[in-house]
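Trainee: Each chain, letter by letter, is given below.
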Amino acid sequence: MKQSLSKIESAFLEEISQVSDADKIEEIRVSYLGRKAGQLTVLLRGLKDLSIEEKKLIGPAANLLRQKIESTLTEALQKAGSSAVPEFDLSLPGKISQDKSLGHLHPITQINRELIRIFQSMGFQVLEGPELDNDYYNFEGLNFPFDHPARDIQDTFFIDSKITREEPRDFTRNDWVMRTQTSNMQVRVLEQAEPPVRCIIPGRVFRNEAIDATHEHTFYQLEGFVVDENINIGQLVWTLKEIFRQIFKQEVKLRLRPGFFPFVEPGYEVDMFCVFCGGSDVSCKVCKGLGWVEMLGAGMIHPNVLAAAGYDAGRYTGFAFGIGTGRLAMLKYNIPDYRLYMQGDLRFLEQF
Amino acid sequence: MIYSYNWLREYVADIPEAKKLMTELSLHSVEVEEIDEGGIELGNVVVGELIERRTHPNADSLNIGIFDVGEPEPRQIIFGGVAALKVGDKLPVALAPTIIPDEIKIKERKLRGELSQGMCCLKSELGILDREEAVHFFEPDVINGTPIIGVLPLNETVIDIDNKSMTHRADLFCHTGIAREISAVFNLSLNLPKTAPLPKVKPTLDIKIADTNDCPRYIGIELSVNLGKSPDFISQRLQACGVKSINNVVDITNYIMLEFGEPTHAFDADKLSGNSIEVRRARTGETIATLDHETKTLTEDVLLITNNDKAIAVAGVIGGTESSVTDTTTRIILEVANFSALTVRRSAKIVGLRTDGALRWEKGLSPELAEPAAARAVELLLEYAGAKVIGLTDVYPKKPELTQISLSADYLSRLSGFEFEPKVVQKLLTALGCKVVTKKSKTGKVYNVEIPWWRTDLVIREDLVEEIVRLYGVNKIPEQQLIGALSVPNQDLELEIISKIQDHLVRCGLTETYNYSFYGADDIIKMGWDDQVDHLSIQNPLSEDLRYLRTSILPRLLDNIRTNQMQSSSIQLFEVGHLYFSDREVRQLALVISGGAEPYRVARGLAESLLSALNINFTTSVIVEEASKCPRWGMYQGKQALRFESAGEKLGTAGILSAQVQSNWDILRGTAFVTLSIPILAKYSSTKRAMRPISIFPSVPLDLSVIVDESVPWGDIEAVVRSHGSDLLQSIEVIDIYRGEAIPVGKKSLSFRVILQSQQQTLEMSAMEKWRDGLVVDLGKKLDATLRDK
Chain A
1 MKQSLSKIES AFLEEISQVS DADKIEEIRV SYLGRKAGQL TVLLRGLKDL
51 SIEEKKLIGP AANLLRQKIE STLTEALQKA GSSAVPEFDL SLPGKISQDK
101 SLGHLHPITQ INRELIRIFQ SMGFQVLEGP ELDNDYYNFE GLNFPFDHPA
151 RDIQDTFFID SKITREEPRD FTRNDWVMRT QTSNMQVRVL EQAEPPVRCI
201 IPGRVFRNEA IDATHEHTFY QLEGFVVDEN INIGQLVWTL KEIFRQIFKQ
251 EVKLRLRPGF FPFVEPGYEV DMFCVFCGGS DVSCKVCKGL GWVEMLGAGM
301 IHPNVLAAAG YDAGRYTGFA FGIGTGRLAM LKYNIPDYRL YMQGDLRFLE
351 QF
Chain B
1 MIYSYNWLRE YVADIPEAKK LMTELSLHSV EVEEIDEGGI ELGNVVVGEL
51 IERRTHPNAD SLNIGIFDVG EPEPRQIIFG GVAALKVGDK LPVALAPTII
101 PDEIKIKERK LRGELSQGMC CLKSELGILD REEAVHFFEP DVINGTPIIG
151 VLPLNETVID IDNKSMTHRA DLFCHTGIAR EISAVFNLSL NLPKTAPLPK
201 VKPTLDIKIA DTNDCPRYIG IELSVNLGKS PDFISQRLQA CGVKSINNVV
251 DITNYIMLEF GEPTHAFDAD KLSGNSIEVR RARTGETIAT LDHETKTLTE
301 DVLLITNNDK AIAVAGVIGG TESSVTDTTT RIILEVANFS ALTVRRSAKI
351 VGLRTDGALR WEKGLSPELA EPAAARAVEL LLEYAGAKVI GLTDVYPKKP
401 ELTQISLSAD YLSRLSGFEF EPKVVQKLLT ALGCKVVTKK SKTGKVYNVE
451 IPWWRTDLVI REDLVEEIVR LYGVNKIPEQ QLIGALSVPN QDLELEIISK
501 IQDHLVRCGL TETYNYSFYG ADDIIKMGWD DQVDHLSIQN PLSEDLRYLR
551 TSILPRLLDN IRTNQMQSSS IQLFEVGHLY FSDREVRQLA LVISGGAEPY
601 RVARGLAESL LSALNINFTT SVIVEEASKC PRWGMYQGKQ ALRFESAGEK
651 LGTAGILSAQ VQSNWDILRG TAFVTLSIPI LAKYSSTKRA MRPISIFPSV
701 PLDLSVIVDE SVPWGDIEAV VRSHGSDLLQ SIEVIDIYRG EAIPVGKKSL
751 SFRVILQSQQ QTLEMSAMEK WRDGLVVDLG KKLDATLRDK
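Taken in sequence, the protein lines are chains A and B. Sequential numbering of the first sequence, starting at 1, is according to full-length UniProt numbering. Sequential numbering of the second sequence, starting at 1, is according to full-length UniProt numbering.
Just so you know, these hints were derived from the structure itself, not from any lab. Treat the hints with care, as some may be off.
Said to hold, decoys possible - Beta-carbon label-pair distances, calculated as ranges:
no., chain 1, residue 1, chain 2, residue 2, range
1, B, K650, A, A61, 41 to 49 Å
2, B, S766, A, K68, 49 to 57 Å
3, B, S612, A, L64, 27 to 35 Å
4, B, L668, A, R117, 34 to 42 Å
5, B, K688, A, S6, 40 to 48 Å
6, A, E70, B, V776, 38 to 46 Å
7, B, I694, A, M1, 24 to 32 Å
8, B, S766, A, A61, 18 to 26 Å
9, A, A210, B, S612, 44 to 52 Å
10, A, L50, B, I694, 22 to 30 Å
11, B, R414, A, F276, 36 to 44 Å
Claimed, not checked - Computed list of chain A residues with no C-beta within reach of chain B, every gap over 10 Å:
no., residue
12, S6
13, S17
14, E27
15, I28
16, G34
17, I58
18, N63
19, R66
20, Q67
21, I108
22, E114
23, Q192
24, N334
Note that CB positions come from ideal geometry on N, CA and C, so glycine has one too.
Using the sequences provided together with the hints, build the complete structure.
Mentor: Below, the structure is given as structure tokens:
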């Protein structure tokens, strides 16, 4: 049987090499693939009388030959300039070969990956940290003393169960909270590391506040900090500018305004000049034509935080910043409502 | 806080126009949220004088007035009886046709047969001032026909500054404070009110302070007063700042707070017994009736002002009702004191009030502020409340020393990244009220800075760096490349594993979700779990369905299936997130497959392909309830689970969602799930990979169908095939499970395919047949299986 296959093949190749006329080519097609008496058709028909094992051996080879003959014929017809070539239509919509659709990464995963890629290329370590943390790391070590009004700004979820985790240090109080900021990792990282430190912490944070289109009780931040012997404000600005230039793939303008965060001194709010409308369109959803868009909070790490991490006073300086990644993705992907992130609605998720 | 622009102009004559003020203050100091320039559209409303009046012939309640409105001819206007008008009164008159606030159109028309060419306007109708149902009368010298917008302080510009942006700046919660800031930012001259020194009179009060940490200073001033209306400038300024005018004495205490930032309080002296004032902590259970018409029960955290041991005010927060100033008050004790930030903050929390006073105290005010505030209050009371000072008692045990900070020029440039000229530093800090002495030391210049008493927030040298940089302009600091030793940090292995998981599952058609870390007791019950008590809980949840911290990602994934199942006939989701336990926090992967053919096999296949992709050496086994105690068996169909393990350690499980739990969540289609522990995956994910040699000899597929008892699981068949295996067996795969025609009841037919291949030679038909026949015998012997075909 195998032998007949190779015989058919060589005979076909011989014949087809000698013709260039469309009618002749058609004749050859009929002689090999014709439904009634084509040589290969007849052979394929005979397969059914073979044992299963033989079928398995011959079947694939026969089919391969059939495909080869077909494509050789098509090529020959094209060379012959025949109009008999089957029509094709490039404008037909694409489709995915499997019967199932492709999956989708959550947009926050996507924006995080983009940021992580940029920061890693600048030598930053990526960590995530605990989401349920002791008051010390979330507040006290970050220069929010107990009973300090600054704590009011961050409506906090408190845990009323007893927590018995093994931790690298003793705590003033065994009070635990859902972290209100990814800054909870500053002291955690710094007390274990010796500068230079470059680190980012993308992650979820929690605030006890009513939700609406721009507020969620569960939302996403990316904390970053750099500590070394001579880190200054000018470097903070340069670093942030590089990040946003990479994210938006264009030059960006940033400006700093004084802002109060207990764990930095000096502290700043950072605005970016609208990359969508250039501040010229009052209907711009991002800046409403005002130009400057609030992007993040930043500053020079407060000496009390460096002290909490166990560093000698004045030895190191550092900067820290916190980007609202959920908000950034809203800007970048034109998402109108923060709540969409957490609703598990496939009509939303499948767009990413 | 709201500030009046005109009021500020009194202190900073050259105050910039509103827009510039807003931008520059936001860039150098605090965040200006809004500047409201008033902008009330009043239409054609002018000063009109009633020159003749008579009653309306057809309506007793209406009057006909002839008004001089500055036009050649007077106008006839019908008016009602809300306000009594007499000839000679000058008041706001809307001239028809015009439109006044609230889109009210004023037209010429006949009222009960008499022509009316306009309207007499009440304050409320103009939407101005205190919006009373009363008429504003103008002085006789105001010219008739003058648009009232020009003669009333209507379009008062107010500046709204975000309190959050000055949380740390106690000194800015008043007009003099923000004026001082504006003068520093814009380099303008400042003209603050000059106060006379405190009057030299004898002390008349017996003031005791239990703990001077709570109350470093207490000035009590006894005055006789004539209660009455406040002068216009005071009531208008209060109104502009959103404070209601009450009477001259109360208004002056509020005015002092808006002007100097010092909250003060006036007691009716005749309602106190004797002259004793004691500042002490409350006793647990002690009560006080406060001005908000409530009775508060107190704890030892609350600081009180007491008279003969009776609480008369919660210090710094709110006064008591009994001692409050009323219309009949003729003698007051004016309290101008100083309370500690922490004490007031705790008191305010316990009485549940964050008054304007408490808001200022909790930022931390200097006891030095009491003196100018008291002097100014006395000055205003003497002038506008006919007051006479009877006595003044100032208890001030310890005047705090001024803060001294030394900042080296080197540290300033190191932290800021900019070399400031010494004279620039000198100038900027001096503008804030600091005294700067520049000294030379071995390591360079050092600025020794004396901090003015009102800047309680300036404590460390970094605070000074902030002041210098912001006044200079942080945006003028040149950008500088981040430099330093290049290091390649170790990246978190779990995060890398998560990234691989996400990519693998998305490639396999699953969609990633993010769900809340919380769920409610109802969700735990719906899962069929018996371990609600093991959950950590939130003390102050937003709602009951967000009380417990998740110990599995599954509940919310099941809810995602429910909400999405009408859109699509099969749903495939996954999530990676944290689970929270008392002793640890771990990450979990959960995936769910709902609908489609054989969701369990799809879920398991995904898990296995994922484990292979992570290069984890794993085994699977079916476990049953009896063998493993767990409070969560309720969610597994038939209380059976597939366990994935590596080196004897559990990686996770797969299962079919039990019918009960499926129905609890209103899920329409059969659903299967897998959960895997990320740290354990990370532990066993191997970085070592060795390629297996690829045989140069062809592989041969071999299909077999066997009939076995329903009770025989596939795993048993596979075990027999594998044990029969030898080196030839490359892989084994289930093709079909069939029940029905031609298969006896109680039995099933399983078709599977094995791939045979030798590393040494091309398999001969006879070898294959021998292998197959042996297998059939084995299956027959061990599982009572028979070959289905032929």
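Trainee: Test the statement that A:I28 is away from the interface with chain B: the closest C-beta pair must be farther apart than 10 Å.
Mentor: Per Cβ check, A:I28 is outside 10 Å of chain B; nearest 32 Å; holds.
Trainee: Range first: 22 to 30 Å. Now tell me if the beta carbons of A:L50 and B:I694 are that far apart.
Mentor: holds (29 Å)
Trainee: Is A:N334 truly not at the interface, in the sense that its beta carbon sits beyond 10 Å from all beta carbons of chain B?
Mentor: Correct as stated: the minimum Cβ-Cβ distance to chain B is 19 Å, above 10 Å.
Trainee: With 44 to 52 Å as the target window, see if A:A210 and B:S612 comply at their CB atoms.
Mentor: With a Cβ separation near 46 Å, A:A210 and B:S612 satisfy 44 to 52 Å, so the hint holds.
Trainee: Hint says 24 to 32 Å; check whether the CB-CB distance for B:I694 and A:M1 agrees.
Mentor: holds (27 Å)
Trainee: Non-interface claim for A:S6: all C-beta distances to chain B beyond 10 Å?
Mentor: holds (17 Å)
Trainee: Hey, does A:E114 actually stay past 10 Å from chain B on C-beta?
Mentor: holds (13 Å)
Trainee: Is A:Q192 truly not at the interface, in the sense that its beta carbon sits beyond 10 Å from all beta carbons of chain B?
Mentor: holds (12 Å)
Trainee: Would A:R66 pass as off the interface with chain B, using Cβ distances and a cut of 10 Å?
Mentor: holds (21 Å)
Trainee: Find the nearest Cβ of chain B to the Cβ of A:N63 and say whether that gap is larger than 10 Å.
Mentor: Holds: least Cβ distance 15 Å, greater than 10 Å.
Trainee: Kindly confirm whether 40 to 48 Å is satisfied by the beta carbon distance between B:K688 and A:S6.
Mentor: Holds, since B:K688 and A:S6 (Cβ atoms, about 45 Å apart) stay within the stated range.
Trainee: Taking the Cβ atom of B:K650 and the Cβ atom of A:A61, is their distance within the range 41 to 49 Å?
Mentor: The hint (41 to 49 Å, Cβ to Cβ) holds, given that B:K650 and A:A61 are roughly 48 Å apart.
The structure fails to meet hints 2 and 21 from the earlier list, while all remaining hints are met.
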